[in-house]
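Chemist: For reference, the chains in residue letters:
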Amino acid sequence: MKKFIGIAFATLLGLFILFSLFDWRGNYRAEQIIWRANKKLSKVINTPETTPDKTFEDIANDFRKAIKDFPHYPQRARVQIQMGGVYMAKKDFAKARQVFEQVFKDYPTNDVFKSEALVAIGKTYEQEGSWLKAETAYRKVISDYPLTENGLAMPLYFGNVYKQRGAREKANNAYKDAAMYYGKMAEQNQGKPIEFRAMQLLADSYLALEDWNKGVEALGNLLLTFPGSPAIGQTVQAINIVAVIQLKDYDKAQAIYESFMKKYPRHPLDKILKKVIAGLKTLKEKNVVINPKATPK
Amino acid sequence: MESTKTTFRDPITLVKTSFNALINHPIILFPFFVSVFIQLVVLEFLYFSARFPLVVFFGPIIRRLWGEGFLHYPLNIILLPKLFYYAQLFVYIFIGAFLTAVAALIIRAINNERKITFQEAVREAVPYYIHIFTASLIFLGTLKGFYAVYDIIFKRALLIRSKVGIFGFIKAVLVGGAPYYQFFIAILVTALFAFLIPVIVIERKKIFAALIENFKRLQRLFIIVFIAVFLPMLLYIPVLLLRNSVSSSEGITLPEIHVLIVVVGVFVTLFIDAIALTAVTTLYLADSEKT
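The listed protein sequences correspond, in order, to chains A and B. Using my numbering, you'd call the opening residue of the first sequence number 1 and step up by one each time. Using my numbering, you'd call the opening residue of the second sequence number 1 and step up by one each time.
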């Protein structure tokens with residue numbers, strides 16, 4: 001039996017070494033190193049004042065090593081941006097911008113990575129308190145990379161920033177501009193994947209403006225235009241919440257669902273929508289009114 | 001090994017005797033070590049399933065069943081215990097149960113003061129492979145059946161809205177104790193079929209005759225068998241507690257700890273199975289001599 005245990009142990013160890021060596025420079029190994037570096041960063045990100053500089057440098061070096069050792073890793077640019085994030089956590093914003101700017105040199109033809117790097121540069125200015133410089137960077141994302149996720153998200157982001165600062169009028173203007181922008185983007189990109197995202201953000205803009213009627217209409221259009229979307233459940237939920245709680249108009253939600261079922265008979269969602277309609281009818285009959293401010297904690 | 005002329009009325013003595021038998025006759029552990037080795041090889045393959053070259057085979061399966069995310073670190077490690085659980089079922093059906101039968105034959109030989117090698121015991125058990133295979137399916141099917149019943153009760157308990165009073169208490173007991181009820185079900189089903197494999201290979205009975213014989217003996221010996229299976233299974237509680245505490249502290253632990261817990265579980269199960277089988281087989285042999 002001792003011989004068997006020896007052979008078994010050697011076999012297991014041998015297999016482990018063999019499989020490890022096969023993928024030593026593979027993407028999986030890169031993912032491990034990057035995940036561990038991010039884990040270390042998450043422990044120090046909220047305590048930059050008490051974290052030694054060496055700790056930040058060590059984490060940045062982990063990312064640097066991953067970039068150097070795995071030149072074929074598909075997310076290498078994002079690792080570069082994460083490395084910049086280390087310097088942002090350290091509050092060394094100039095160094096962080098240096099790292100982000102390297103993405104433009106290393107990936108001159110990749111708009112997605114460049115937009116992410118530009119957003120990251122904007123964030124460094126924001127954290128430094130230079131909102132004008134941040135806004136310039138964000139507007140450049142919209143103008144230069146309009147079809148990327150970041151390029152699309154920026155108009156709404158402006159509204160959120162002003163709202164957070166308590167500048168309600170500026171926020172509302174930003175949301176109105178965002179709604180116009182998304183409406184145009186959806187129209188200009190019909191049939192393309194970006195149309196869906198533009199319509200989602202259009203709905204978000206109206207909801208942020210507290211224009212509940214237009215918000216529900218936009219959500220309804222989204223549901224009717226994209227019946228196969230993986231976010232269909234969330235869209236229905238959002239329509240219910242806005243129609244029931246904000247508008248107190250059960251008929252509006254019911255009309256959207258009935259249009260959907262008429263347009264897409266035998267859709268997998270039909271069963272659920274019938275139950276939702278039945279629920280809305282019951283709420284209407286019993287005259288139930290839900291006060292959003294009275295939500296129990 | 002202590003002669004089976006001693007009748008085992010006391011399950012604690014039975015378990016103690018079995019433990020001593022394992023120490024004095026470590027060859028009983030050999031089939032279990034083989035089973036552990038096979039399981040660890042399978043675990044290694046699954047551990048590397050998200051990496052080249054194994055990802056070529058496992059990738060499409062994992063992608064289809066769980067999504068692309070589980071082919072990347074660390075989600076592949078989080079998925080590993082679940083993958084290993086399904087793999088263990090296959091290992092048990094095709095080889096684990098057979099190795100248990102081999103161990104039962106070794107115990108019988110030792111009890112009769114006859115020398116036996118692992119290879120001889122395997123040769124003796126091979127003609128009954130199909131019956132042992134069927135026995136393992138019956139065992140797992142019954143276990144799944146009990147789990148399904150508990151699942152229905154659990155889901156019904158979740159619907160209870162009361163937080164106080166009798167219904168609140170029922171909900172707290174049924175929902176809070178879920179891992180322990182599943183653990184108890186495993187002990188119960190193991191006890192219900194405790195004699196099945198020993199009867200197949202020692203009395204050389206076919207599956208249905210062996211089932212009848214199993215339940216006949218169980219009618220007289222169920223309490224002793226249940227306790228003899230229950231006591232070694234208590235060794236698994238620390239593994240359960242460790243697994244639950246790691247699951248609830250996902251944010252601070254290294255993902256590899258899930259793999260470590262699986263490996264610890266495999267070794268703990270080796271000893272549980274060895275002690276439980278030795279106890280049950282010894283009881284069976286003593287009962288056979290008596291009757």
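Please note that the accuracy of each hint is not assured.
[As the list claims (entries may be wrong)] Computed cross-link-like contacts, DSS-like style, restricted to lysine-lysine with a CA-CA straight-line distance of at most 27 Å: (1) B:K115 with A:K3; (2) A:K170 with A:K214; (3) B:K115 with A:K275; (4) A:K2 with B:K115.
It should be emphasised that the hints constitute simulated quantities derived from the structure, not laboratory data.
Chemist: With reference to the structure, classify each hint as holding or not holding.
Modeler: Structure-based check of all given hints:
1. About 19 Å separates the Cα atoms of B:K115 and A:K3, which keeps this hinted pair within 27 Å; it holds.
2. Note on A:K170 and A:K214: the hinted pairing holds, with a Cα-Cα distance of about 20 Å set against a maximum of 27 Å.
3. Distance check on the hinted pair: B:K115 and A:K275 sit about 71 Å apart at the alpha-carbon level, beyond 27 Å; violated.
4. Among the hinted pairs, A:K2 with B:K115 is consistent with the structure: their alpha-carbon atoms are about 18 Å apart, no more than 27 Å.
Of the numbered hints listed earlier, the single one contradicted by the structure is hint 3.
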